[in-house]
Amino acid sequence: MPLRSRRNLYACFCYFLVFTFSLFAQQKQSEPLATPILGFSPPHAAAEHQLESTFQSIPSLEQAREWHRTFTAEPHPAASDRNNQLADFVADEWRKQGWEDVTLRRYDVLHSRPRSISLEMTGPVHFTASLHEDAYDADPDTKVPAVSGSYFGYSASGDVTAEVIYAHSGNPEDYDLLRKNDISVKGKIVLVRYSNPYSYRGFKALTAEREGAAALLIYSDQRKMATRKERFSPMARGVRKVTFSAARSLTITSFPAIPPRPAGPRSSGQNTSRPKKRVRSRKFPRSLSRGATPSLFSKT
Amino acid sequence: MNGPEAPKDWQGALPITYRFTGAVRVHVKVDMDTSMQPYTVVEARIRGSELPDEWVLLGNHRDAWVFGGVDPSSGTASMMELTRSFGELKQHGIRPRRTIVVCSWDGEEYALTGSTEWGEQFADELKRKLVAYLNVDESVAGAATTAGPEGLSFSPSAAASLAPMLVEASKDVRAPSGKSLYEAWRATTMRDSKASTPPLDSALVETRIGSGSDHTVFLNHLGRPVINLGFDGDYGVYHSMYDDHYWMSHIGDPAFEYHVALTRIWGLVALRLANSDILPFDFGFNGSALKQFLHELEQENKAGQRRLQLKRLHVRIAQFEKAGNLLRDAVARDLLSGSASPEKIRHLNEQMLQVESNWLDPAGIPGRPWFQHLLYSSRYTYAHLEFPGLTEAVEKHDWKLARQQAALLEKAVEKNTKLLRSAQSSWEKSNP
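Chains A and B, in that order, give the protein sequences. At position 157 of the first sequence (counting the first as 1) the number is 157 in our numbering, and the numbers step up by one without a gap. At position 268 of the second sequence (counting the first as 1) the number is 268 in our numbering, and the numbers step up by one without a gap.
By construction, these hints were calculated from the structure, which means they are not laboratory data. You may find that some hints are simply not true.
DSBU-like, lysine-lysine: derived pairs with alpha carbons at most 30 Å apart [stated by the list, open to error]: (1) A:Lys-186 x B:Lys-418; (2) B:Lys-29 x A:Lys-143; (3) B:Lys-291 x B:Lys-415; (4) B:Lys-29 x A:Lys-186; (5) B:Lys-418 x B:Lys-291; (6) A:Lys-180 x B:Lys-396; (7) B:Lys-8 x A:Lys-180; (8) A:Lys-186 x B:Lys-129; (9) B:Lys-171 x B:Lys-311; (10) B:Lys-411 x A:Lys-96; (11) B:Lys-418 x B:Lys-322; (12) B:Lys-8 x B:Lys-90; (13) B:Lys-8 x A:Lys-96; (14) B:Lys-171 x B:Lys-291; (15) B:Lys-129 x B:Lys-344.
Chain A is faced by these chain B residues, among others (derived, beta-carbon under 10 Å) [unchecked claim]: (16) Ala-13; (17) Cys-103; (18) Pro-199; (19) Tyr-246; (20) Phe-293; (21) Leu-294; (22) Glu-296; (23) Glu-298; (24) Ala-303; (25) Gln-305; (26) Leu-308.
The beta-carbon is built from N, C-alpha and C at its ideal position, and this holds for glycine as well.
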């Protein structure tokens, strides 16, 4: 928990005295013009510049680091105990900082998280994918058991054993090419990759569902990462020697999810509780693993 | 696998031949818990000293897929430094003129749920009071250690009416490279686009806004202008376990200087919106962005030009742009001379907020009634989408619907042009 820095307080206070006086002075007589600011009269622009330089003197690198350490200390997905503790922490800090009307608003919504997910190759050889990223020695956080395996929010539950078909990026034109090669994905498990070219993962799931696939696996291929989000910087790769990095994400296709939602009056105030089924899960099971992929290809 | 070989562009980085099929059977078992769970939004405010019923809203989501080193806790660290700083200002008796509200959202990764719930719960109040929403999801989404001498790219997006004030504010913040944020922004934009000359100010801000973060409900559903702020660069640990404090403190932003630079620009934009006499909306610039959007729509759909006349919409947008420029210049003149009465200023601010509200169509865009903004929406991929009703109709070659949508836009633009003109004439009327 960061300690409040006091080192700038005295300087700030002196600033404010000067600032208050100069504000008065400038309103009474025309002082030399400060750099104008859109929407400010000249005297107000001068006062604003003063106030902004005071503001800019307050944030500190060390404090930012401490906040970051606090918020990243443990996994904190929505609806986890840790994320709810952090809500209380934020509220407490804001009160201490002098913010007003600090309020927690609670919304009860349809959530989605894995109870258990497994992925195994049953033939021609047997292989069980871990679905967990490997710990990285220099980084103790990566050894925390609370880290989830990979999963997709709002995936349906299910149990499927079937043949695997590789469908490139999982876009409609990829299925067209499969069809040209007399390959049907009906009832099969489709394996696709992110970003070649980019398409939203929810769209991949929707497309696989439309094509009649029984399940979908998505992995990240290091070739042709289309977006900066997915591209490894050389340094990151060098430092980490990452062999398996799993993205967790959603697969629904409306953002924000809209139907179904009951109409009617809404309560407000502290701890508002409004049961609402916000999103529909997709209809078929799927999971994700990049770790499993090399084996799926190479062990045959 | 041992089936037929996949084509060249299906091949990847693994040291094997990628094939369509093979004798591989897999067992997938997924057991999901889909029970109702509580999400918690934390809100707080510093009440405005003069205009408490005009709000500037700041927000960042709290929930992460795992540790959230970049997404979202870099933004959270920047936000907590901002709230700490504003708290100190307040303790010295310095309140903003307008109310500043801050929210820690929940369930952003789960379909933007926390901010959407909150935005819907307070919809009526927000439509009346909200001046702008300033969102920060990831404040530092890139590796400063590999970004080169110009550093990470400042990559904000903003509703076009707010783009000029954002560019102006960037001149008063220092970037980690030592330059002003404005100069650093120009340099990285030039670098990233491999251009040989620095970009024009008018090209700095991305005015195309998709979805994918908590600004969505405020822009697309409530019709309030939004700004998204952040730095980015190469970032290979997206939504993985490795997106954590170690990554940030060794590779991302070891000095945490980008975090603090983001706190400063976010705070400056908030303070200017909260303290300005006249809200710093630039509808002239807004008009020029609309012109550009329409031009792009036509370029991408040349085939449909005979089926759809957009000349009238062009004219309406040009009129809107001109009215916006004239109003902006008239206001700047009178602000400089100090001749505007508080009553006139209040009235003008109301009219400016109304311009933003007028982009809402309560019927929503075709097929998606929740998305009510006529200028901005997003695709299901959450990519940006301008003139959504018109663009989607054109893409579907539904010319009847496209003509209806164009007419709807013409009407909305014309209504706002009238409002800008009337704002200008009432502003100039009682001036000496």
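- Task: Mind listing which of the numbered hints don't hold for this structure, in increasing order?
- Result: As far as the earlier hints go, 1, 8, 9, 10, 12, 13, 18, 20, 21, 22, 23, 24, 25, 26 are violated by this structure, in ascending order.
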